[in-house]
Each structure stands twice: as structure tokens, then as C-alpha cells.
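Use these hints to put chains C and D onto chain L, whose structure you have.
Here is how the chains run, residue by residue.
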Amino acid sequence: MKKGEAIGIGLLWVLLVTAGCQIVPPGFSQTAGNIGSAFAAAETTLRYAHEGKITYAYAASSFASYQSELSGNDQTLVSAQGAPSSASMHSLLALYQEAMQVVNAPCLSAACNWQRQVASLDRASQAFLKAGNA
Amino acid sequence: MKKQWLAIALGIMTATGGFLDAGTVATSGEAGAKFGLGLIWAVLLATIAVILLVEMVGRFTAVSQKTYADAIREDFGFRFYLLPLTAEIIAESLLLAAELGGMAIALSLLTGISYHVFFPLAALFVWMMAWRGSFDLIENGPAMLGLLTLSFVAGIIALGGIPLTLLPTLWKPNFQQGTVADYFYLVAGILGATISPYLLHFYSSGAREENWSGKSLLLNRVTAIVGMSFGSLGSMALVVLGAIVLQPLNITSNTLGELGLAMAKPFGIVGSFLFALVLFTTCLGAALEITLALSYNVSQGFGWEWGEGKKPVEAARFNLALTIFLLVGVAIGLIGVDPLQLALFASTVIALFLPISLAPFLIIMNDSQYLGDKTNKRFTNIAIICILLIAFVVAIVSLPLVIITGGG
Amino acid sequence: MRDREDEIFSVRDILDSQLMSHDEIEIGRVADIEVELHDDGSLTLTHVITGPQALAGRVSWRLKAVFCWILRDRFEQRIPLSEIEQFGPTLYLHGNARDYAVGQSERWIAAHILRWIPGSGHIGK
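Chains as they are written, first to last, in my numbering: chain L, 2 to 135; chain C, 4 to 411; chain D, 33 to 157.
So that you can see chain L by itself, here it is in the shape it has in the complex (with noise of 0.2 Å):
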């Protein structure tokens, strides 16, 4: 019984050391990707908020979590492993900067101009996808 016992005390160990390894930070591809996801994500939100799929409550809530989602993100991305060079760094920190404009502020009611919120969500989504699958 003593040796099995020492075996899974050990086993136990690594499994805790192992599953405590996963808080690791992601490369660049990694972390573009899940840009261009989450920008994606809030761009189908929106649209369907104002297409009356879903209701503005369900959209306010998803948009917090977006905003909790991609907080912090670009400094992750300046310093994440694989960074291309600063001038197209430069342009997806831009477009970074104006998609997290309306993730923090969505419009959610009938009178505004939502469909140019959208454009600037597609336009971050796009350019983050590509640069994830680069």
C-alpha cells in the first residue's frame, strides 16, 4: 500500500504543477486571433441588437463581457512572442484603439449610428484575423 500511496501522492503533484503551467502567456498569433474573434463576436452582437434578434439587455451583457475580454489585450500584444514589425503594429494598435471605442460605449438604442460602430468592429476583426493567421 505504501509504494501505490507514494505513487499517487507524486502523480498528484505533477498533475497540480502541470495544471498550474497553463497560466502562460500566449504567443502573437494566439493572441490575434483572439482579437479578431472577440471583435467579431461584438460586431454579430451589435448587428443583431439593431437587426431585433436579440434584445439590447443580452447585448449590454455580452458587451461587458467583451469589454472584460479584450482589456489589456494590446499590451499583451506589443509584448507577446513573434511581434512583427512596429509599422504594422502601429496600424492594428489604431484599429485596436477605435473597435475598443464602441466595445465600451456600444450603441444600444434606436437612435444612433450603429452601422458605422459595425463597420469599425469588421474592419479591427478582419485585420486581427489575418495578422493571427499570418
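Check the hints yourself; a few may be wrong.
Said to hold, decoys possible - With a cut-off of at most 20 Å between alpha-carbon atoms, the simulated EDC-like pairs for lysine to aspartate or glutamate come out as follows:
{"id": "1", "chain 1": "C", "residue 1": "K314", "chain 2": "C", "residue 2": "E213"}
{"id": "2", "chain 1": "C", "residue 1": "K314", "chain 2": "D", "residue 2": "D55"}
{"id": "3", "chain 1": "C", "residue 1": "K313", "chain 2": "D", "residue 2": "E56"}
{"id": "4", "chain 1": "C", "residue 1": "K314", "chain 2": "D", "residue 2": "E56"}
{"id": "5", "chain 1": "C", "residue 1": "K380", "chain 2": "C", "residue 2": "D370"}
{"id": "6", "chain 1": "C", "residue 1": "K313", "chain 2": "D", "residue 2": "E115"}
{"id": "7", "chain 1": "L", "residue 1": "K131", "chain 2": "L", "residue 2": "E52"}
As the list claims (entries may be wrong) - DEER-style ranges, computed between Cβ atoms:
{"id": "8", "chain 1": "L", "residue 1": "S69", "chain 2": "C", "residue 2": "K175", "range": "32 to 38 Å"}
{"id": "9", "chain 1": "C", "residue 1": "T89", "chain 2": "L", "residue 2": "M90", "range": "41 to 47 Å"}
{"id": "10", "chain 1": "L", "residue 1": "S92", "chain 2": "C", "residue 2": "V340", "range": "27 to 33 Å"}
{"id": "11", "chain 1": "C", "residue 1": "K175", "chain 2": "L", "residue 2": "A120", "range": "32 to 38 Å"}
{"id": "12", "chain 1": "L", "residue 1": "A88", "chain 2": "C", "residue 2": "W44", "range": "43 to 49 Å"}
{"id": "13", "chain 1": "L", "residue 1": "S69", "chain 2": "C", "residue 2": "L220", "range": "48 to 54 Å"}
{"id": "14", "chain 1": "C", "residue 1": "G136", "chain 2": "L", "residue 2": "S92", "range": "54 to 60 Å"}
{"id": "15", "chain 1": "C", "residue 1": "Q344", "chain 2": "L", "residue 2": "P85", "range": "23 to 29 Å"}
{"id": "16", "chain 1": "C", "residue 1": "V273", "chain 2": "D", "residue 2": "G151", "range": "52 to 58 Å"}
{"id": "17", "chain 1": "L", "residue 1": "G73", "chain 2": "D", "residue 2": "A133", "range": "52 to 58 Å"}
To be clear, the hints were calculated from the coordinates, so they are not data collected in a lab. Remember, predicted model here, so these are calculated numbers, not experimental data. Even for Gly, the Cβ is constructed at its ideal location relative to N, Cα and C.
Here is chains C and D on its own, set in the frame of chain L:
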């Protein structure tokens, strides 16, 4: 005759509530969005495993009148018993926090109010049901609403069914949205989210709460097969919805609300409402099952009075334990990790710990001292060992892969 | 030889068994046993022991020392074999739950912690 049917129907609905939870919703949605139908095999494998395991533990308890935790302590001794107990407390506390988070997010999607407000309220609601609710209420309340998962299947039909172009992804997943590391991480997550030890402790203790005996073996078998298959259907429906709606839009379902968009496409506001309601119900069912399973485990292992049929003062340590576990869940949730990411992480940890949690079970199931002539057939033993090995190997492999490729 | 096998068998059987009182209340599990060594070298089981110190001892003797120092035998109990009415996976005891000190934490928790929570079923005195 009618009463028998009612018992079976209720048992089936319970199994449904246990199968789908924040973990399975999260993994299914992401699996479909990232890899098309490429992870359906993992869902099927997990379903077979859980049907076998649930039937086994039900059979064990019905024949021996002992619960799973009783058997571990009595057969392996106190010291060994602490190993699976520790593994399960760690992994399932994380998952509990994710389930409470799932309930909170569902309420948030319905009302637009921030989910942080609903989080402690969700915990309080779960606590009230566990504290004073009868076992019947706990079984049937969430389970009846679980029937709503059929709406996911309706959604697929309304969207025109599965397009033929998608079928090849069943054996050749497309990797445009996700990496190989992601793929194996999700396999581990799917296996861990579905084959959870808490389900065994809950089902085993439930069999005692319902006074199952040697006569209940057929009921047990039917409940296990039909109930788990029903839950599996819901899980696969989510994979398909993710593949049909989200993948073309480049959405990878990193938040729970995104998956609801897949229901909003065919059914509009009603669709999103249904999704939020199903999310709430399955997370509520799971939160109750996890809390109770942990308390059952500890109480039975230490030999205390336990049971939902008793007033709290009649099973004081049991009820104190469940209160403490809920508080731990709330504390973890307050750290602020997103519920979906927490659910994925917890499910992978569960997959890693599966050999520790389930190896004793395999041994017990072959012990004729408890089971007489109702021990496992050789085929069943081999099937379970294979599935455990797969879960473990995948989990071990996916973590270093994630680190090397810098994924997350 | 046969006696020795019987004893070894019964130790494995009795250790970790559920203890149930006459009024059908589960009060705990056997954490340890006490034996008496006779002149002819045979051993007889005399008591079953329950309590956190004995449990700690099952994990490691160092842990037991720590528990002894903190708890000072307050929760340990030695139950003589004569109290056991029926043997098996569950050991049925002669007396009612209140007759045994083991499980006193259960009553304490019910009386001092749970009573303040509504719906506990506590009947005030």
C-alpha cells in the same frame, strides 16, 4: 405501471441535468466554433464512458447498499481515501465557482445587469435549495427545465440542418481557427467536463436517498443509457450550432453569451432567451450536484449522518460541509476569472485527476464481496480502462503543447 | 495459525467500518483498534478507537503528535468490543447516540452554529 414510468422519466430528466453544465456548454460551443464537427468523436467517447460509469455505480449502490465513498474508505483505508478526496475537492471547487458564474451570466444575459451582482445571489439560491429542499425537488426542478435543451436540436433544423460540406470535418477537423494544441486541450476538456467524479458520488448517494435495491437494476440501466444519451444529444447539438453559425462568422465562443447568438439566428429573441434559460438551469443543476457530491463524499467517508431527507440539525456536519463548500466556491468566483475560462480549466484538471478518482472504483466494481454475481463483465472493465488512459494521456500531452506553442 | 488469520481478517474488516448506534444514527467510523497481547503470543481485539487523533495517526505518526498536542484527547473515544452488538460492514452499537462521546461535534455544531440559520430544524430550549 404508471408509477414505474414516472420514476423512469424523472430519473432520465435528472441524468440530463447532470450531463450538461457550464463545462460541457463551454467546451461544446468552442469545439464547434473552432473545429467544425472534428470533436464529435470526443463527445461520443465521453458519453459511452459516462453511461458505463453511471450504470456501474448505480448497480453497486443498489446491490451493496453502500455508497461510492463508503466503499473507498472501507476497501482502501483512510489514508488512501484522502487522495481522491483531495483531488476532487480541488478540481470540483473550481468547477463549482464556474457553475455559479454560469448561472450569474445567464441571469445577466436575461436582464442586462452585470453578472457580478448575480453571483452571490446564485450561490444563495443554490444554498437554500440544498439546505431545505427535498431530494425530489432537487432532482426534478432543474431537470424538468432541462428538457428545453431539445430547442437546440430545433435550432439546427430551423437553420436547414447540417450542411453536407461540414460532414468531412467529422474525421478531418479544419484547423483555420484553432491550433493543434487547442484541439487536444478541448478533447481533455470535453472528457473532463462530461466524465466528472461528482456525478458518481451524486448518483450513488441519490440511489440511497431513493432507496434503490437489487430490484432497481433495470431502472438503473434504463436511466443511465437514456438519460445520458439525451444529455449527449444536447452537447452535440451545441457543437453543431457552433459549427454552423459561429465558425463562418469567425466567432470562437470565448464567452458564454456568444453561443446564444447561434440560437438567436434561427429564432430571434426567443432563441436567445431559451439559451439563457437552459444555461441557467443546467448550471443550477450542476452547482447543486457538485455541492452535494462533495458533502456526500466527505460525510460518508468520515461516517457522519447525511441526507437531504433529514433536517439540517439531524445531519449537522453534512449541512455545515455543504455550506462551507459553497462559500469556497463564492470565494474562488470573487477572484474574478471569467466563468467560461474557469469552466474549461477546471474540466481539464478533472480529466488529469480521473485516474486517481476512478481507479479505486474499477477495483471495487470487481469485488464480489459487495456485488455478489453482479460484478463487471470483462468488456466493461477494458472499455473503462481505455477511456481513462485516453483522458489522462490527452490531458498530459495538451498542457506542454499549450506552453510550447504559446497558446492559451 | 488459524487464530492469527482470523485476527488479521477481522482487523481489516473492522478498521474504517461505520459505527451505528441503537437508535440508527451514524456516529462515525473506526479510526483505530486496540489489542491486548497475551502470554501465549496471541492477540485479542479489546477496543475500537475513534477521533481525529487516531485518524491523524493513520496518515502519519508526526501528524498524530501534532493533533495530540492541540486537542489533548478531548475528542478521542475508546469503545469496548462488548458494546458492539452486530459485526459486519456496519458495526451496530448497544447504546443510543447520546451515550457515546463520539459524534459530540455533531451535536455541538447543531446546537451552536446551525441553530442561528433559519430552517435548521433546531428546537429552542
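Each hint tested on the structure:
no., hint, verdict
1, K314(C) - E213(C), "holds (17 Å)"
2, K314(C) - D55(D), "holds (17 Å)"
3, K313(C) - E56(D), "holds (13 Å)"
4, K314(C) - E56(D), "holds (15 Å)"
5, K380(C) - D370(C), "holds (12 Å)"
6, K313(C) - E115(D), "violated (27 Å)"
7, K131(L) - E52(L), "violated (27 Å)"
8, S69(L) - K175(C): 32 to 38 Å, "holds (35 Å)"
9, T89(C) - M90(L): 41 to 47 Å, "holds (46 Å)"
10, S92(L) - V340(C): 27 to 33 Å, "holds (32 Å)"
11, K175(C) - A120(L): 32 to 38 Å, "holds (35 Å)"
12, A88(L) - W44(C): 43 to 49 Å, "holds (44 Å)"
13, S69(L) - L220(C): 48 to 54 Å, "holds (49 Å)"
14, G136(C) - S92(L): 54 to 60 Å, "holds (57 Å)"
15, Q344(C) - P85(L): 23 to 29 Å, "holds (27 Å)"
16, V273(C) - G151(D): 52 to 58 Å, "violated (37 Å)"
17, G73(L) - A133(D): 52 to 58 Å, "holds (57 Å)"
Hints 6, 7, 16, counting from the list given before, are not met by this structure.
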